[in-house]
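Undergrad: Residues per chain are reported as follows:
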Amino acid sequence: MSRTMFEKIWSRHVVAKGPGGQALLYVDRHLLHEGSTHAFGRLEKKGRAVRRPEACVATADHYVPTAPGGGEIADPEVRRMVADLGRHTGRLGITFFGRGEPRQGIVHVIGPEQGVTQPGILLVCGDSHTATHGAFGALAFGVGSTEVEHVLATQCLWQRKPRVMRITVTGTRPFGVMAKDVILSIVARIGAGGGVGYALEYAGPVIRAMSMDERMTVCNMSIEAGARAGMVAPDETTFAYLEGRPFAPRGDLWGRALAHWRTLPSDPDAIFDREIALDAALIAPTVTWGTSPQDALPITGRVPDPAAVGDPARRASMERALAYMELRAGAPLAGTPVSRVFIGSCTNSRLEDLRAAAGIARGRRAAVPAWVVPGSGAVKRAAEAEGLDRIFTDAGFEWREPGCSMCVGMNGDTAAAGERVASTSNRNFEGRQGRGARTHLMSPSMAAAAAVTGRLTDVRTLG
Amino acid sequence: MEPFARLTAVAAPMDLPNIDTDRIIPARFLRRPRESGFGPLLFHDVRFGADGGERADFVLNRPAYREARILVTAENFGCGSSREMAVWALLDHGIRVVIGPSFGDIFFENCFKNGALAIVVPGETASGLRDALAARPGTRLTVDLEAQTIAGADGPPIRFEVDAFRKHGLLTGRDELALTLEQLPAIEAFEARRRVEMPWLG
Ligand code: SF4
Chain A
23 MSRTMFEKIW SRHVVAKGPG GQALLYVDRH LLHEGSTHAF GRLEKKGRAV RRPEACVATA
83 DHYVPTAPGG GEIADPEVRR MVADLGRHTG RLGITFFGRG EPRQGIVHVI GPEQGVTQPG
143 ILLVCGDSHT ATHGAFGALA FGVGSTEVEH VLATQCLWQR KPRVMRITVT GTRPFGVMAK
203 DVILSIVARI GAGGGVGYAL EYAGPVIRAM SMDERMTVCN MSIEAGARAG MVAPDETTFA
263 YLEGRPFAPR GDLWGRALAH WRTLPSDPDA IFDREIALDA ALIAPTVTWG TSPQDALPIT
323 GRVPDPAAVG DPARRASMER ALAYMELRAG APLAGTPVSR VFIGSCTNSR LEDLRAAAGI
383 ARGRRAAVPA WVVPGSGAVK RAAEAEGLDR IFTDAGFEWR EPGCSMCVGM NGDTAAAGER
443 VASTSNRNFE GRQGRGARTH LMSPSMAAAA AVTGRLTDVR TLG
Chain B
7 MEPFARLTAV AAPMDLPNID TDRIIPARFL RRPRESGFGP LLFHDVRFGA DGGERADFVL
67 NRPAYREARI LVTAENFGCG SSREMAVWAL LDHGIRVVIG PSFGDIFFEN CFKNGALAIV
127 VPGETASGLR DALAARPGTR LTVDLEAQTI AGADGPPIRF EVDAFRKHGL LTGRDELALT
187 LEQLPAIEAF EARRRVEMPW LG
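Sequences listed follow chains A and B, in order.
Here my numbering is used: the first sequence runs in plain steps of one and ends on residue 485.
Here my numbering is used: the second sequence runs in plain steps of one and ends on residue 208.
These are calculated hints, taken from the structure and not from any lab test.
No experiment lies behind these values; they were computed from the predicted model shown.
Be careful, since some hints might not be right.
Here are the simulated DSBU-like cross-link-like pairs (lysine-lysine), alpha carbons at most 30 Å apart as the crow flies [said to hold, decoys possible]:
id: 1; chain 1: B; residue 1: 173; chain 2: A; residue 2: 183
id: 2; chain 1: A; residue 1: 39; chain 2: A; residue 2: 68
id: 3; chain 1: B; residue 1: 173; chain 2: A; residue 2: 30
id: 4; chain 1: B; residue 1: 173; chain 2: A; residue 2: 68
id: 5; chain 1: A; residue 1: 183; chain 2: A; residue 2: 30
id: 6; chain 1: A; residue 1: 39; chain 2: A; residue 2: 183
id: 7; chain 1: B; residue 1: 173; chain 2: A; residue 2: 67
id: 8; chain 1: A; residue 1: 39; chain 2: B; residue 2: 173
Not close to chain B: a few residues of chain A, all C-beta gaps over 12 Å, as computed [unchecked claim]:
id: 9; residue: 90
id: 10; residue: 93
id: 11; residue: 292
id: 12; residue: 299
id: 13; residue: 323
id: 14; residue: 352
id: 15; residue: 404
Positions of the beta carbon are idealized from the N, C-alpha and C atoms, including for glycine.
Just chain A, with the same shape it has in the complex (with noise of 0.2 Å):
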């Protein structure tokens, strides 16, 4: 019978059956950061074991501060936090790339640079970005707290089987277009809860075209179109870029693991669920406009206008998005004023983000206060080897230590009320960078073209 790549993968790991639809999981890998201290302290407490420590890696990533030079860690809570992290995976024997470790970096940029990350593994991590890694062709979600506990315990995890949706993006990327403004472009088409319930796979020629670091874009925000999981088949990229990281198999073992991956893509006419089809070419470089990831239109939009939205509730979410915004209906997208530009987050912080950004600053000056953060120590170090740190401190831009930063603000890096922020990160929620800052968010291209006109800009107009 023929099956999808997700419930070839999904199959493989069933340990156990349960009542409703519930399946006990096998975790291949589980990836902690300073988040996970909490499951950390109450397995201590109940007395537990880690079933299995070495099929763990922890990183600290959200909470580390991210100023060139680091320095210490201000908040004497933070600092805690931090620290347990590090006491925990000490005294459990996890791998822990901390403050100062050359492989530290934010969880979803090291797991796959590390070769952490394998096709045809589950893997799953307490934070919701953890689709990244179904870019390998990993079955990869993000869990809660609890469930962190009880993979620590048990690695294993109790899932409900969701459905599958398969995203085909057809023809050719225009000029000026990358992997973010795809993505944006597929999040408001289906909308921030089009894909709750589904595990998406993407598919079809641009999306066969994509670099890993592209794929990596993509499938880290099927999160904000509602799903869970989002994946792509591995093929030769794939094994191209796994092959030789530190922990991907060698040898032998590395033959034997790619005939198994060969067999993971869906077969030719596996049924999905559900079926989404984008023309690329009609995709041009984006932003946010609202609240929600799924108010995205193209630079050359204008900001929409409730008044001309039938339904109540959709017409109410935006007038409230536009107040929080201090947008007007109607008014060109290009051209909006920013305050901050920040390049970093799990979305879009690898080398060829950073490639693509510093492509645009060459030779150009910030007109704003612009941050550039990487995504790991691996990359601060290769993209400093190639001289995009120059680039960017030459135009008048900060080149920063790896970590989340500005995405969410945890150690601190908040924009103030008020602020604009063009942004590469992956949430315009209400006060993600900090309370009362407003984010657009786009593409590590279009934020440096925001950063050196100080405005909205379509980075296809500078040339």
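Assemble chain B with the ligand onto chain A, guided by the hints.
TA: Just chain B with the ligand now, with coordinates in the frame of chain A:
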């Protein structure tokens, strides 16, 4: 986990779709220990002004809804971040049941893991309930998990679906970890098979 069987309480309507977990509890509060209590932080930045004072227009601040222990929401409530503190904040504030047309998948799961009941009803049922609660502020609903019904609004009780596994977990307040550990032989057998079939995974 505290078992849940039945609750009669004031229900409050929240009409906005896509209420994210950042709005339910802002990120800057997540570092706090569980014991510190998350109730006062629930919906913090929309419930309180920048000066710390209550915003009179926020639904849970209105006199009729102050005692609400049930929320009736719009689409995709609890979308966004996986932060379980969103559920802790609801629970600590006293809210034990959320009823809506759809929920963020991770939030939905987190509810059941913490003894909160998330009920999915058709969109029209949810909007009908919200309208009824808005028309008669302070209306009390009775949510009966055993019978799978919501009563107290206009018309006959509304029946809802809940999967048997989750229902049993809430009714008994069971320790899911202990339940899973009963499956230890199956887990060990799986691991042994995996070592042979996929040795590269260790
Ligand atoms: S970069 Fe942002 S979205 Fe990604 S893990 Fe960190 S806080 Fe979460």
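Undergrad: Each of the hints needs a verdict: does it hold here or not?
TA: Each hint, compared with the structure:
1. Between residue 173/B and residue 183/A the alpha-carbon distance is near 17 Å, which keeps this suggested pair within the 30 Å criterion.
2. The suggested pairing of residue 39/A with residue 68/A holds, with an alpha-carbon distance near 26 Å, which does not exceed 30 Å.
3. A hinted pair counts as satisfied when its Cα atoms are at most 30 Å apart, and residue 173/B with residue 30/A qualifies at roughly 29 Å.
4. For the suggested pair residue 173/B and residue 68/A, the alpha carbons sit about 25 Å apart, so the restraint of at most 30 Å is met.
5. For the proposed pair residue 183/A and residue 30/A, the alpha carbon gap of about 12 Å is at most 30 Å, so the pair holds.
6. Straight-line distance between C-alpha atoms of residue 39/A and residue 183/A comes to about 11 Å, which keeps the hinted pair within the 30 Å bound.
7. Of the pairs offered as hints, the one joining residue 173/B and residue 67/A holds, with about 27 Å between alpha carbons and a cut-off of 30 Å not exceeded.
8. This hinted pair checks out: residue 39/A and residue 173/B have alpha carbons roughly 16 Å apart, not beyond 30 Å.
9. The Cβ of residue 90/A lies farther than 12 Å from every Cβ of chain B, with a closest approach of about 23 Å, so its non-interface assignment holds.
10. The beta carbon of residue 93/A sits about 19 Å from the closest Cβ of chain B, which is more than 12 Å, so the claim that it is off the interface holds.
11. At the 12 Å boundary, the C-beta of residue 292/A stays outside the reach of chain B, the nearest C-beta of that chain being 22 Å off.
12. With a minimum CB-CB distance of about 23 Å to chain B, residue 299/A clears the 12 Å threshold, and the non-interface call stands.
13. With 12 Å as the threshold on Cβ separation, the claim that residue 323/A sits away from chain B holds: the shortest Cβ distance comes to roughly 21 Å.
14. Its beta-carbon lying about 23 Å from the closest one in chain B, residue 352/A satisfies the requirement of being farther than 12 Å from that chain.
15. A cut-off of 12 Å between C-beta atoms confirms that residue 404/A is not in contact with chain B; the least separation is 26 Å.
The structure shown violates none of the earlier numbered hints.
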